[in-house]
Amino acid sequence: MSGFGIGAGLRALNAARHGMQIAGNNVANANTPGYSRQRVELAAALPYSLTLGVQIGTGVDVTGITRLVDEGLERRLRLQSSLLAGAEVDHARMDELEGLLNEPDNGLSTGLDGFFGSIARLQSDPSDRALRGGVVQSGVQLAQGFQLLSRRLGELGNSTFDEVRGLVREANQLTSAVAELNKQIVALEAGGSDANDLRDTRSQDIRRLSELIDVNAIERSTGSVDVLVGGRLAVAGDHATAITVGKSATATTELRMGNSAVRTDEGRIAALIRNESADLPAYDARLDRLARNLILEVNRRHTTGMPRSGPFRTLTSNYGAVDGDGDGQRGDELLAQSGFLFDVQAGDLYVSVARLPDGPGGASTDLERTRIHIEPAAMTLQDVANQISAIDHLTATVDPTGRLRVSADSGFGFDFSPRLDPNPDSIGTFAGAAPSIGSTARGPYDLSGQTFPLSLTVTTGTSTLPATTTVTLDAADFANPAAVTTDELVAAFNADLGSAATAYAVGGRLVVRSNSSGATSQLAIADVGAGTATSALGLSTATQTGQDVGVAVAVEGTFNGDGNGQLVFVPESDGTIGVTPDLRVRVLDQDGNLVTTLNVGAGYEPGKAISLDNGVSVSFGAGTISATAGHVFALDTLADSDTTDLLVALGMNAFFQGSGADDIVVNPDLQANVDNFAAAIGESSGDAGNLERLMSLRQTDIADLDANTVEDFWADVVGDVGFATAGALQTLNTQDQLMQHLESERESVSGVNLDEEMLDMTRYQQSFDAAARFLSTVQEVTNSLINIGR
Amino acid sequence: MTLRITQGHLFARALVDIHRSLGKFTSLQQQVATGRRVNRPSDDPSAALRIIPLQNDLRGLQQMSDNVALSRETLNTGAASLEDASNLVQRVRELTMQAVNGSVDQGDRNSIGEEMDQLLQQLVSIGNSRRGDRYLFGGTESGSAPFELIEDGGGTRVVYHGNHDRLEVEVAPGVTTALNLPGDAILQNRVRGAVRFTGDTGAQPTGRGDTGVGFQTLAVTFNGLQNAPAEIVAGSGTSNALGAIGYVFTNTPPTLSIGGGPAQPIPAADQDFKTADGRVLNLTVTGLPATLSGTFTAKAGLSTDRGATIADVADFTATAVAVRNRFDGSVLNVDVRNLVTTGDELVKHEGTFDAFTVLATLRDLLRNEDGLPDQVVRDRAAAMLGEIDGAHDAVLDGLRELGFRSSSMEVLGNRVAGLQLSRTESLSALQDTDMAAAILDLQRQDTAYQAALQIGARVIQTSLQNFLR
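Same order as they appear, the protein sequences are chains D and G.
Note that numbering that gives the first Met the number 0 gives residue 509 to position 510 of the first sequence, counting from 1, and the numbers run on in steps of one.
Note that numbering that gives the first Met the number 0 gives residue 465 to position 466 of the second sequence, counting from 1, and the numbers run on in steps of one.
The shape of chain G in the complex, shown without the other chains:
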């Protein structure tokens, strides 16, 4: 038997078709209304599997983009601080030139010295620059000020309390950058070159194992006698002869001559005895020793911290006597083989600059509390010009590096933005509705729905009853 079609069948089919039509209509409508093709994972499971990682990726890229912005802001703040530092050092140079000028007197120098003091404080606060409540130049010790200005028995110095650890953040996939800078590398540069002594005591640098920064003053003093006969003791006056000293006594008349110098009558108390080369030993001689001639040693005392720590030199064949500075812990190794007289050596550690010490020294020099002669002050100030330039170069180097890092941040930022764009496109392709296509589909579906309704109505209504009479 052929297939019988009943009214029940017709109704059922019509219903099914209408439901199907409406179903498609609804899903299209949702796609257009939300703009999303995939509202739930089951809408397109394989797309959903890719959508979630893409979304996470995008958020990660956004974080990287934020980090790039943060990094640039930090670098720019740092650069602004370094520019301030640079201008400050320029001013220091100007002031030094003024001080070197012969027509400036002590009163003027005093006021220049005061301005130097102000500039020193300012430089410290530049070093302690902050962004928000985070210190920029302290490494990862960003919670407390990295530079501390200390004025005590050891003079004026600035101590760096930060560290050199890096705070790394990701700025592009696989690329990290440090958000912080160690300030001591810029303001207290330590790229060591040679060591120079400027003075005439005869002490020489060794150039090895020194840890001082910038320059120091090595004070060479007379530190007593060694291996001298009991009759010879150091007097209370000033002596400036150092090293091995030969002595010759004469019996009648009783005289003593040291170092080939003129014989002086003895006994003598606190008497200056000269050597042949004009050095002086102040001695108290009580009598004639058993041996009339011999050699004793005038010991030297070396200090870089104004006498707080004195390294005793008795052996004048030593090639490296370590002189420690109690206040900054630095060590200076001195070759004492040619050390002959007391005095001060200006020690310069080339290549290392401590901008703060430059300022402090200039200030102290100009205040001239030691009462040095005018010309000496001017000469020393002139010698400092080189230091100032060095410090300025260090700051400019720092600026240059920051500028370079900032521009590479820009490149990275563009790269991240590009990645963001491509991810967004991929995500959109997977997730978003093609509006034009969806709206066309909607209209088509609408037409189909209406057609189904019309035809269904026609078919259902017609029946034999209409024609039977």
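One chain only, chain D, in its complex shape:
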């Protein structure tokens, strides 16, 4: 009877002691991260029956120590950790990218503005050498800005692999730790205990892992937790599979387990990989697109400009054709397959050759312009060189490195500029000093009604000393006698004319001009026999005489129209410039349509400039013109003297070299000598024609830049980065707040409140005191019982 109290008392002491110990443990671990407070579970001990129907309690049992944790909350916390860590990385990367851009103070937009600004300054004084140097210098700085930004973007991307590798090492340490803990927990709980502290540690490890990679943790009935990464088991029981880093097929970082790729969507690693494979490349591509278009557009204008030194004597391209077919020969591949950085389009290239002035400060004379038609799918670079060599006074070769080299004969120069020919009638077929007879209609001509061989006599010399030459046209001279081209006729005539006269194709018409000038020189063309070639060709049979001085035709100005064409000038009737009333000159376009008529009769002052609406002005000197004699001259009006971009692709007289943001540089020739900068289109020292074209680039919407100007396109990119960075910050703040909310919920469930523990400790302490007192009482009672028999 009396022995039973001691048991209850001892149990009570035990329970109180455990209670205090748990409270002490909670207090000690109040600041341990991931700690869940523990609570002692007490239950009344099993009673025993005193008599039938009377039960007496036997004290208290400690049935267990529970860990207060909400597993659902834990899962949500793990997910939020992934989200938050990912958002941190996103923001950090965008912040760094924004820093690299260095806008709006000293970034690429400042470089672009500096470039255009320097061109505007040069416009005010095109002959100033220092300002010209300024343009080249600002180009250099702009190119450096592009290259620097491109390199830094690359470095940022490349650092991803190393960063991910470091994180993966950490992740593998964590999975190993989790596996080890699984083993220990299973062993411990198999023996019936609660492995509370170990579970806390394991939970904390999995949370840290979820910051790196989004994981799925599933608890088994044995108490071990399986951790899945991307659906694959990283931890299964006590076994952990290592995660490795590798490069994907597109050379971006990827995670692997074993040999196959593992997918991760949230967490630090996923954010880094996303940044490397999607975000950075997108910005890099836009930067590259900007650089490429800038190079293309600036070079289009610069290659067709005129440097300060005037037409070129020799010019070598910066780039060469690639030896595509491996035969050791360069330049024999089709242009479309020659490995140029920019595509060559089908179109026309206009090459101008002029006689250079004798001394400095003069203008070149005798400008001849040749149109070369280029088909990149059917022509090789050597074909182009051959066509250039076919032009008088020019030689073009393809050197062993595949570059095109063009040289002019001594005393001559060439250029690709669209400038107007200041003396379009240098041959003298428009009322020149030498007599000329031209066809009154353009080719092709119909000679189908004639019998071949067809002969004409050309009489030259003077009236007192005539000389006759016979020109014979054979059917073999013409591809199609019903549509005989002017060029075929010119060739056929010149084969027979000798030194007395020369045939030319002017404005699409056949013109025969005597080679001796003066008022006594004469020219007449007549049919031989029954032929009617003269009327079929529209040639007058009347005798023409020359003049002492031909009508001087001068052209000034710059063509400001669209498209390339030719203006053909023919007199409307016969008369003397400035004297004959109602004398007019008709201006036709290249298809023969009338553009306008110019009044050059009475009331017109010879030599005075008449302006046409397209920026061209023409003046006619004194003299006699004749419509019946078929006087004519033609003026090429070019808006774009290279519609093929061949000069850009080859890099001939280019401003920039390279094709993207990583290799854009200013042509070293320009850096070496700023006089090579082509500010002009014509030859005047103050000509700023090309500067105007370059400045207009600033306002031009470029199709490949989403119809933006270069500066607007870059401003868009900067704006996008700004928005993305601000957005990332916003997301980060939101995730952070969500995290705080979840954390405080967890604190609420599992956190230690020191005051609470204090109260518990006091309670258990009092309980202990009471139990101790009870035990004393039991002991006294027992003593009394023992001392009864004494």
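Keep in mind that the hints were calculated from the coordinates and are not lab data.
One thing to keep in mind: the hints can contain errors.
[Claimed, not checked] Derived DEER-like restraints, expressed as beta-carbon distance ranges: (1) G/ARG129 <-> D/ALA671: 23 to 31 Å; (2) G/GLN28 <-> D/GLN140: 30 to 38 Å; (3) D/THR461 <-> G/THR76: 52 to 60 Å; (4) D/THR463 <-> G/ALA289: 24 to 32 Å; (5) G/ASP433 <-> D/ASP264: 42 to 50 Å; (6) G/ALA456 <-> D/LEU67: 27 to 35 Å; (7) D/ALA553 <-> G/ALA289: 48 to 56 Å; (8) G/THR461 <-> D/ALA250: 53 to 61 Å.
Cβ coordinates follow ideal geometry from the N, Cα and C atoms, glycine included.
Assemble the complex: chain D is given as a structure, and chain G must be docked to it using the hints.
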């Protein structure tokens, strides 16, 4: 269960609040220190999108403002040069008045002529005015001197080597102006009026197709015989009869009379034969032709370049004979239907002035190397006064235009300045910190921060332990 608050919770909250407070504090501090609200695009992305174009705009406006200043400077330099030219022409007028004065003798005229020469050189160098190393009056040929003084067989003339192209710069949005001027328009004006011949050869102007500037001298000379019988040839003496000349021979005694004039005995060598109206043909007649009467033509030779190029006139019904000047390439069309005698015609192309030629002609006139009589020199000098005034008017017109352009530059400059101001304001509104507001915010934030710290400290420190005994 109601929400449990733990110490951990309290600490965490306190930390969060302190960080947030400090964060706001730092960003405000940066705004105040840099004066900028937007230091990076992410500070305000939509503002950043507008800031970059505004900055570029401002720089463009600055360039325009510079161009306006440059333009005014150029115009002012040009105006200064033209003022010099104007004063020079005034001086020329004074000197001419002096020369016209009857009391001046050849020696004085010589020294006046020398001063004219100096003034001519000076005028050329005014035309070649420079700004820095750029020539002002040559169009876009600003690298080489536009006016070249040439003294050769054709006399003295000044050739314009410049062009008429414009060097356009932007001085206001959408407005461009030319920074250069074509000098020939001011100093070699070509607004053509009528042509006048002053002389008595009978040659008439046509007024069409002439390209000469200012005035020229048309020399009409005897250029041989055409369709004359073989027995009549031109002699070596001077002839001044031109045109169709009738001849009548008499058999006995053998005489010849031309143009209704007195009969002279023949054969004769280098003999002057007079016509009825007093013109003279110096002929050598060797005998009697088959036909005793008929008409031959005394051809004329027309030249404006002192005989370097002679236009031969055999057909005296022509209404427009083109006479070319080899040296300046000009063409003068002459109506020869009334041309009867040799001599000089002073040709004046009204409305066109070449200031240089005026000076050159005056100089040559005063030097009087041809030995013309005093009165002729004085008369011609007096006739030149009109030319001088014309040249002066041209220079004054040029000055007026420059002045007008300069004042419109001023207007444009103000407009650009106004635009700059409004852009700067817009930019500032977007980009700059409102200092007053930011500093107030800073102080407020500071107070909030301190309050957070204080209260946090209070809450954290209190615990049950303080009260349990």
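(Q) Under the constraints set out in the numbered hints, which ones does this structure not fulfil? (A) none
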